Amino acid sequence: MIYDRLDVAEPIRQGDIFRDVPRVDLSTSQISVADDDAIRTMTWEDAIADPVRKAGFAAVLPLKPVHAIVITQNCDAVRGEFVSLCQIDMFSSIATPANSAKKWKSLIVRHTRENLRYFYLPADHAFGFPDRMAADLRVLIRVSRQDLERMRSRRLGRLNSLAYEHFRETIAQFFRRYPYDEWYSLTPEELEEYQKDCPEPVHPFPWQE
-1 MIYDRLDVAE
9 PIRQGDIFRD
19 VPRVDLSTSQ
29 ISVADDDAIR
39 TMTWEDAIAD
49 PVRKAGFAAV
59 LPLKPVHAIV
69 ITQNCDAVRG
79 EFVSLCQIDM
89 FSSIATPANS
99 AKKWKSLIVR
109 HTRENLRYFY
119 LPADHAFGFP
129 DRMAADLRVL
139 IRVSRQDLER
149 MRSRRLGRLN
159 SLAYEHFRET
169 IAQFFRRYPY
179 DEWYSLTPEE
189 LEEYQKDCPE
199 PVHPFPWQE
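Residue numbers (the working numbering): -1 to 207.
Because the hints were derived from the structure by calculation, they are not lab data. Errors might be hidden in some of the hints.
[Said to hold, decoys possible] Taking CB as the label site, the calculated pair distances span:
hint, residue 1, residue 2, range
1, Cys196, His123, 40 to 50 Å
2, Phe80, Pro177, 26 to 36 Å
3, Trp102, Glu167, 19 to 29 Å
4, Arg17, Trp181, 41 to 51 Å
[What the hints assert, rightly or not] Straight-line alpha carbon distances no greater than 16 Å define the calculated EDC-like cross-link-like pairs of lysine to aspartate or glutamate that follow:
hint, residue 1, residue 2
5, Lys52, Asp33
6, Lys62, Asp23
7, Lys62, Asp18
8, Lys194, Glu180
9, Lys62, Asp87
Keep in mind the model is a prediction, meaning the values are calculated, not measured. Don't be surprised by glycine CBs; every beta carbon is placed ideally from N, CA and C.
Sequences are here, hints too, so could you generate the full structure?
Given below as structure tokens:
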């Protein structure tokens, strides 16, 4: 499909896909802190209230191995201290699976156009994706570059050149988004209709009141 196999020695680049990347799950309301060979549970506020801990402290955090794709620029992936990846999930976790090629086509194209937080990854048994997957650009994982380089044996491969172009553009669109008031030019009557369809509060501008 849209994936390329790589030699283990190949440098890490944007679009590289890894398996078993450690994702740290942290809850600031319940942190397990290691103190004097004992583990105590406290909130983040209580933990940093101690001046000694302001300089840092040891905590026990849950780790989950996940698939992830590199989003760091190539130049930084080669010499930066850290590399950023985003988690890859089952596509079925974000959309109800279709039951025909025609419906799959519509579902995939619609998500590609409208849902910028996800990047669709088709199934490829030979590559290591027995099911349809999607990269979630909201779930970021930071890994030491040196640690990730030592994990290159767990790299499944890389997006091919065409898929990489689409991935790069999706990243750019997602992270350069900004909130804007698309209803600013509506008449009061049009704004009233707009408010009926919007799940969030919409406040009129002075010229719409």
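Item checked: Enumerated hints in conflict with the structure, sorted upward -> none
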